[in-house]
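Going line by line, the protein sequences match chains B and F.
Residue 170 in the working numbering sits at position 170 of the first sequence, and the numbers go up by one each step.
Residue 93 in the working numbering sits at position 93 of the second sequence, and the numbers go up by one each step.
Everything labelled a hint here was simulated from the structure, so no lab data went into it.
The structure displayed is predicted, hence computed values, not measured ones.
The reader is advised that the hints may include incorrect statements.
[As the list claims (entries may be wrong)] Far from chain B, some chain F residues (derived; all Cβ distances over 10 angstroms):
1. Asn7
2. Arg18
3. Ile21
4. Ile23
5. Glu39
6. Glu95
7. Gly153
8. Leu225
9. Leu229
[Claimed, not checked] Pulled a few chain B residues facing chain F out of the computed Cβ check, cut under 7 angstroms:
10. Asp10
11. Gln114
12. Val116
13. Arg150
14. Phe154
15. Arg155
[Stated by the list, open to error] Just the calculated beta-carbon pair ranges, DEER-fashion:
16. F:Gln80 with B:Ile171: 52 to 58 angstroms
17. F:Gln80 with B:Gly186: 22 to 28 angstroms
18. F:Glu192 with B:Leu99: 41 to 47 angstroms
19. F:Leu62 with B:Glu90: 56 to 62 angstroms
20. B:Lys163 with F:Leu62: 47 to 53 angstroms
21. B:Glu184 with F:Gly137: 49 to 55 angstroms
22. B:Glu54 with F:Leu62: 48 to 54 angstroms
23. B:Ala86 with F:Leu120: 56 to 62 angstroms
Where a beta carbon is used, it is the ideal one built from N, C-alpha and C, also for glycine.
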Amino acid sequence: MPKPKILWIDGVGSYAMCDSDEVSIGQAFPGNDVDLAIRGDLSRRACIIGRKGEDHLVQAYQSMTLDGQPLERPAILRSGCILRIADRIELLYTRPTVLSGTARLELVSKHRWQPVLTAAILLGDSCIIGPTPDAHVVCLPPRGIDWAGRFVWFRQADGWICKGISCPGLIAGQTPISAPFTLETGLRVQSDVASWTLTEG
Amino acid sequence: MKFQYGNGQCPLEGYVIRRGIGIGGFGEVYFAESDSGKEVALKRIQKNLDVEIRGVRHCLNLRHPNLVAIYDIRYDQEQQGWIVMEFIEGESLREHLDRSTDPLAGPIHSYEQGKPERILPVFAQIIAGMTYLHDQGIVHRDLKPANIFLDKGLAKIGDYGLSKYISTSRRAGQTESVGTFHYMAPEIGKGEYGKEIDIYSLGIILYEMLTGTVPFDGQSTQEILLKHLTADPDLSMLPEGLAHVIGKSLAKNPTNR
Chain B
1 MPKPKILWID GVGSYAMCDS DEVSIGQAFP GNDVDLAIRG DLSRRACIIG
51 RKGEDHLVQA YQSMTLDGQP LERPAILRSG CILRIADRIE LLYTRPTVLS
101 GTARLELVSK HRWQPVLTAA ILLGDSCIIG PTPDAHVVCL PPRGIDWAGR
151 FVWFRQADGW ICKGISCPGL IAGQTPISAP FTLETGLRVQ SDVASWTLTE
201 G
Chain F
1 MKFQYGNGQC PLEGYVIRRG IGIGGFGEVY FAESDSGKEV ALKRIQKNLD
51 VEIRGVRHCL NLRHPNLVAI YDIRYDQEQQ GWIVMEFIEG ESLREHLDRS
101 TDPLAGPIHS YEQGKPERIL PVFAQIIAGM TYLHDQGIVH RDLKPANIFL
151 DKGLAKIGDY GLSKYISTSR RAGQTESVGT FHYMAPEIGK GEYGKEIDIY
201 SLGIILYEML TGTVPFDGQS TQEILLKHLT ADPDLSMLPE GLAHVIGKSL
251 AKNPTNR
């Protein structure tokens, strides 16, 4: 199974874009082949989050709680719920908009992802990258960068297409873009105010 | 505003750029990884290279958990200077304070604005870092929330090697925005740069962390500077003990701080 790709957004952060139906989470150490690795004291394979229709289902392989309740069997994740692994590592699961099955997974305890990530995005059929709270990747204006517009990704049969909305000066690679374009790893996408690159994980 | 370098580029030997972090008055800052996987921030010095390098070199071997570590100063093939620094994953105190009153703010906050029991442990870390700098004979001169970073419960002071130029330039009105005048001690206008100016800035920062506003605000630079020189801060909304501490740190006469 290919590793999640990494979306590097200048001035904003880095995101694991998880495109498969199942995402494994475990401890970060060399050779551990999980999709999402956490630098912390947890099992090499602590849990799996799988897609079930429009929902996500978590299955624990070590002691975990979901909103404080012990997780003894697979459970559906609700937006805003907190997953606690091994009584110390906390993850926040969010579905920013009901119009998309895409969800965001953030570490809220003092642990870090390996590699450095702002969040993991569990991709459904679309993904919004922009400055508003309904975006899956929220690009607040940090450190001198004023975001405007948004990028919307749509799943295709064998990949993703991206559409820039209110993104003047949009360029993909060296090519000015006005229509939706196919997402490719290594392609640098820039507008007058935003720039990002999707890379292999 | 665009970054010159993108993901995968290697303008500095031994490091791969992953993404831009920010663009400030001195240049661009990037998140990068060394060939061996060390995560660092790379600051590309675009202006006043000699002045900045001199200040940073002076701070190169300082070590404190509440200071952003400076690892090295390097030059690329074009003799462009780069500062190799500790990468801070979190946000600046400026961003944090702005988001605390922003409806777009995310659900994750290390502390909440206005609650002293949550604010003071963070502020104590800032004090610890500043005390260390003063003990080393270094005055920051440009302490403000944008230069303080919050990283998974740790507060770290940054840009401490750069401050002399920043302060002088600001007095000449060349570079920075009006907002940065909010933290400037009144004696800076007279060219006095003792550690008391940092204590003054700390008082302003604590005031802002507790109340959400700065004590001296205005529509123009001149109005803000005039208030620093003449106005008394409104301490009525602060707890008694903290009001005393902040009031003392904001004394107009630096010897009274």
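Hints and how they fare:
| no. | hint | verdict |
| --- | --- | --- |
| 1 | Asn7 | 4 angstroms, violated |
| 2 | Arg18 | 6 angstroms, violated |
| 3 | Ile21 | 7 angstroms, violated |
| 4 | Ile23 | 5 angstroms, violated |
| 5 | Glu39 | 6 angstroms, violated |
| 6 | Glu95 | 6 angstroms, violated |
| 7 | Gly153 | 5 angstroms, violated |
| 8 | Leu225 | 24 angstroms, holds |
| 9 | Leu229 | 30 angstroms, holds |
| 10 | Asp10 | 4 angstroms, holds |
| 11 | Gln114 | 10 angstroms, violated |
| 12 | Val116 | 6 angstroms, holds |
| 13 | Arg150 | 14 angstroms, violated |
| 14 | Phe154 | 23 angstroms, violated |
| 15 | Arg155 | 23 angstroms, violated |
| 16 | F:Gln80 with B:Ile171: 52 to 58 angstroms | 25 angstroms, violated |
| 17 | F:Gln80 with B:Gly186: 22 to 28 angstroms | 25 angstroms, holds |
| 18 | F:Glu192 with B:Leu99: 41 to 47 angstroms | 58 angstroms, violated |
| 19 | F:Leu62 with B:Glu90: 56 to 62 angstroms | 33 angstroms, violated |
| 20 | B:Lys163 with F:Leu62: 47 to 53 angstroms | 48 angstroms, holds |
| 21 | B:Glu184 with F:Gly137: 49 to 55 angstroms | 53 angstroms, holds |
| 22 | B:Glu54 with F:Leu62: 48 to 54 angstroms | 53 angstroms, holds |
| 23 | B:Ala86 with F:Leu120: 56 to 62 angstroms | 31 angstroms, violated |
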